[in-house]
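Undergrad: From just these sequences and the hints, can you work out the full model?
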Amino acid sequence: MKRLEGRVALVTGGLRGIGIATVERLLEEGAEVIIADLKAPDDADVQAVLKQLGQASSYLQLNVTDEAQWEAAAASVRRDFGRLDILVNNAGIDGIGPVETMPFETWRRVMAVNSDALFLGTKHCTVLMSETGKKTRGGASIINISSIMGIVGWIEASPYNASKGAARLFTKATALEFARKGMGIRVNSVHPGFVRTPLLQEGFDRAAEMNTASTAQELLSTLDQMTPLGRVAEPSEIAATIAFLASDDASYMTGSELVVDGGWTAQ
Amino acid sequence: MSKRLEGKVALITGGTSGIGAAAVRRLASEGAKVAFTGSNAEAAAALCAETGASFHPHRVQNADAWPVLMEELHKLYGRLDIAFANAGMEAGDSNIEEIDVNNWNNIIAVNQTGVMLTVQHAMRAMKKNPEGSGGSIIVNSSMNANRAMGNFLAYSVTKTAVCAIVKSSAIHCALTGTKIRVNAVLPGVVETAMITNLINQQEDPVATRKAYESMSPMRRMAKVEEIAGLVAFLASDEAAFISGAEYVIDGATTAGTMGV
Ligand SMILES: NC(=O)c1ccc[n+]([C@@H]2O[C@H](COP(=O)([O-])OP(=O)(O)OC[C@H]3O[C@@H](n4cnc5c(N)ncnc54)[C@H](O)[C@@H]3O)[C@@H](O)[C@H]2O)c1
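As given, the protein sequences belong to chains A and B, one line each in that order. The first sequence begins at 8 in our numbering and counts up one residue at a time. The second sequence begins at 1242 in our numbering and counts up one residue at a time.
Keep in mind that the hints are not guaranteed to be accurate.
Covered by chain B, per the in silico footprint, the following chain A stretches (three or more residues, Cβ under 8 Å) [what the hints assert, rightly or not]:
no.	region
1	186 to 194
2	262 to 271
Think about it this way: if two alpha-carbon atoms lie no more than 25 Å apart in a straight line, the pair counts; the simulated DSS-like pairs of lysine-lysine are [as the list claims (entries may be wrong)]:
no.	chain 1	residue 1	chain 2	residue 2
3	B	K1274	A	K9
4	B	K1274	A	K179
5	A	K58	A	K9
6	B	K1244	A	K9
7	A	K141	A	K9
8	A	K142	B	K1464
9	B	K1451	A	K141
It should be emphasised that the hints constitute simulated quantities derived from the structure, not laboratory data. Even for Gly, the Cβ is constructed at its ideal location relative to N, Cα and C.
TA: Laid out in structure tokens, this is it:
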């Protein structure tokens, strides 16, 4: 499908997992896509990804927790593209463990990446996105990747829960604010259930170390069984929902939360 | 329009006007074969001519008419992949002090029992698909499922109830491994003939229109095509991991309060 021809998108945490699946999908739909992630531009991984994805993709080194880097990123998007239609705030990290022994630093780091970054990205991209959004039919689109853990609690995942809950309501607040002011920017949140990505794999590797009773593989197959649809999601399935929200098909959707969880939170 | 729905057969209840008619057009344009129900034969004929869809006079609340309709569809198409339980009404609704029990029963029959019957019969048909059970069912609820209206008691109640039908059915399908997804869409105010008539019946239609438009911070109502776009997405295989979900499409109307 080519719903996004002529559009420019920025995807944070775009080098792997849901991020790279989103980059691939937006490229397929005809957008020019800027991948933003932590690695240096001359990193071999970055070079390999760009080579594989082709000309419509480009790379921006951006630590989403750093305000100065967001200012520089927004300025470079303006200079190089002159517009920004789609911002996918996808970069995210997990943080697990019991509250009573969790280092404050862990809480702060998770909040910084999963929550502060949405504020910073939105703050610094809004002017350019508003200029762009007023000129396009469906408006510009900010897509914040929360989680089902932004809706329901989870044992020993308190910073992740709190940060993703913040993402859910930051989305609604900015959706209202931008709509009311006629800024031409829609803002929605996506709430994936469990998705087969490196984040999930690494999280389970760590959980398996802490809990010697089960292996990461056992934990993963438990997740399959616990999901009503009987399996975890593929990153491309989350990317399809993100592409829908980015497109003019979603022109009346703002302030919405799109759960993509195989029925997890319906049970 | 891309052809995400090529080879699929869709049933849309209440398809002769409004969101239903827009969904007929949209699903047909994406390659689906579409059957729709309703009672306005004249509007239906025009829509059939335009889209190649088939029309089946039928009232959703009439339990006895369901097996007949499904038999007819089976003969015509031999399968069912998509069902959009869209038929709904609000005529005769009122507030808790004044609602007439016959009107209440009537609205419950169409909006709630009608949806239950649609989901039930669609599911039975989808389970018999030639290459095995599978499909996508979409129920048209309303943002009023999350924000009840004082002067539309029965409407608010039924739109909340159908979300429970969606979740219960989604879980049932998952537990029984039927590969049928069930989801709800919750539109805000959509500019359909139903709303336009309601506006024009008011003493001051201009002010009423403005009031409807300003319910959303976007300061406009939704277009029927915008709801149909979401229905098409949920109907397609793009939404393969989505089930038991409620997708609000209301221009941020229920995202919060607008502040002062
Ligand atoms: N995998 C799941 O099951 C799941 C479920 C629900 C929500 N999510 C959310 O989806 C998003 C993507 O997750 P994923 O599973 O693809 O994770 P991932 O770990 O595979 O990928 C995350 C990417 O973000 C980047 N990143 C991390 N910190 C960054 C920073 N400070 N600045 C810039 N980039 C940074 C990483 O380098 C990595 O490329 C996250 O927000 C995550 O919380 C994932």
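Undergrad: Against this structure, judge whether each hint is valid.
TA: Now the hints, each set against the structure:
With a cut-off of 8 Å between beta carbons, the region 186 to 194 of chain A has 3 residues touching chain B; three or more are needed, and the interface restraint holds. A count of 9 residues in the region 262 to 271 of chain A with a Cβ less than 8 Å from any Cβ of chain B is obtained; the coverage claim is therefore met, three being the minimum. Taking the CA atoms of K1274 (chain B) and K9 (chain A), the gap is about 23 Å. The hint holds against a cut of 25 Å. Between the alpha carbons of K1274 (chain B) and K179 (chain A) the distance comes to roughly 37 Å, so the proposed pair goes past 25 Å and is violated.
Taking the CA atoms of K58 (chain A) and K9 (chain A), the gap is about 22 Å. The hint holds against a cut of 25 Å. Restraint check for K1244 (chain B) and K9 (chain A): the C-alpha separation of about 12 Å stays at or below 25 Å, so the hint holds. The hinted pair formed by K141 (chain A) and K9 (chain A) meets the criterion: a straight-line CA distance of about 21 Å does not exceed 25 Å. At most 25 Å may separate the alpha-carbon atoms for a hinted pair to count; K142 (chain A) and K1464 (chain B) meet this at roughly 19 Å.
Between K1451 (chain B) and K141 (chain A) the alpha-carbon distance is near 22 Å, which keeps this suggested pair within the 25 Å criterion.
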